[in-house]
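Novice: Sequences are here, hints too, so could you generate the full structure?
Here are the chains, one letter per residue:
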Amino acid sequence: DQQVKQNSPSLSVQEGRISILNCDYTNSMFDYFLWYKKYPAEGPTFLISISSIKDKNEDGRFTVFLNKSAKHLSLHIVPSQPGDSAVYFCAASDSNNNDMRFGAGTRLTVKP
Amino acid sequence: DAGVTQSPTHLIKTRGQQVTLRCSPKSGHDTVSWYQQALGQGPQFIFQYYEEEERQRGNFPDRFSGHQFPNYSSELNVNALLLGDSALYLCASSFGQIEAFFGQGTRLTVV
Numbered sequence: 001d002q003q004v005k006q007n008s009p010s011l012s013v014q015e016g017r018i019s020i021l022n023c024d025y026t027n028s029m030f031d032y033f034l035w036y037k038k039y040p041a042e043g044p045t046f047l048i049s050i051s052s053i054k055d056k057n058e059d060g061r062f063t064v065f066l067n068k069s070a071k072h073l074s075l076h077i078v079p080s081q082p083g084d085s086a087v088y089f090c091a092a093s094d095s096n097n098n099d100m101r102f103g104a105g106t107r108l109t110v111k112p
Numbered sequence: 001d002a003g004v005t006q007s008p009t010h011l012i013k014t015r016g017q018q019v020t021l022r023c024s025p026k027s028g029h030d031t032v033s034w035y036q037q038a039l040g041q042g043p044q045f046i047f048q049y050y051e052e053e054e055r056q057r058g059n060f061p062d063r064f065s066g067h068q069f070p071n072y073s074s075e076l077n078v079n080a081l082l083l084g085d086s087a088l089y090l091c092a093s094s095f096g097q098i099e100a101f102f103g104q105g106t107r108l109t110v111v
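Line by line, the protein sequences are chains C and H. So for the first sequence, the working numbering puts the first residue at 1; every next one is plus one. So for the second sequence, the working numbering puts the first residue at 1; every next one is plus one.
Lysine-lysine pairs mimicking DSBU-like chemistry, simulated, CA-CA at most 30 Å apart:
id: 1; chain 1: C; residue 1: 56; chain 2: H; residue 2: 26
id: 2; chain 1: C; residue 1: 54; chain 2: C; residue 2: 68
id: 3; chain 1: H; residue 1: 26; chain 2: H; residue 2: 13
id: 4; chain 1: C; residue 1: 5; chain 2: C; residue 2: 54
id: 5; chain 1: C; residue 1: 56; chain 2: C; residue 2: 68
id: 6; chain 1: C; residue 1: 5; chain 2: C; residue 2: 68
id: 7; chain 1: C; residue 1: 54; chain 2: H; residue 2: 26
id: 8; chain 1: H; residue 1: 26; chain 2: C; residue 2: 5
id: 9; chain 1: C; residue 1: 56; chain 2: C; residue 2: 111
Source of the hints: derived by calculation from the structure; they are not laboratory data. Computed from a predicted model, the values in this text were never measured in an experiment.
Specialist: Pasting the structure below:
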């Protein structure tokens, strides 16, 4: 069951521009959302998270927005850098369960 | 701090065999979760261990079992391997409900 969906398998942006990665979820019990970045031959690396009591969380160049009514979250990277090129996974969990549900990932390519 | 370490990094097994994968959590972490990542997909939750007990389990058959030791390290065992078990197996550790840190994974190939 695809409770977390990332409908764009890939995204290409120019260096310095904004990257916007999107994620949708179906389970209204999810109350904590995370973004992970994965380089080849490495495990996913935690990037940023947001609780359902917030609608925005910012950390440097990375901002996550949460729209609970639409069951949608997005990750904004500004400005994008070539080193940001990786696969980005959206994940969600709820307080009553201890597992994280992941989307299929979006491959971001930032061109110099 | 070595972070989350997994062994081995690569493994080739024959269909029907059994395999054991190992994970050492990040220092200070008491919870270990295991995930299976097939090619082109996101990680799928297998199970989570806390205080040496399985606390949560995903939609995986009983062929998948695990263990957590008193030092919080963990093992994932898969019996009667199928070709479809070929995947990257990821271990993640955490403390409480805080963000999980992943290891580099074990690439299992079943032939």
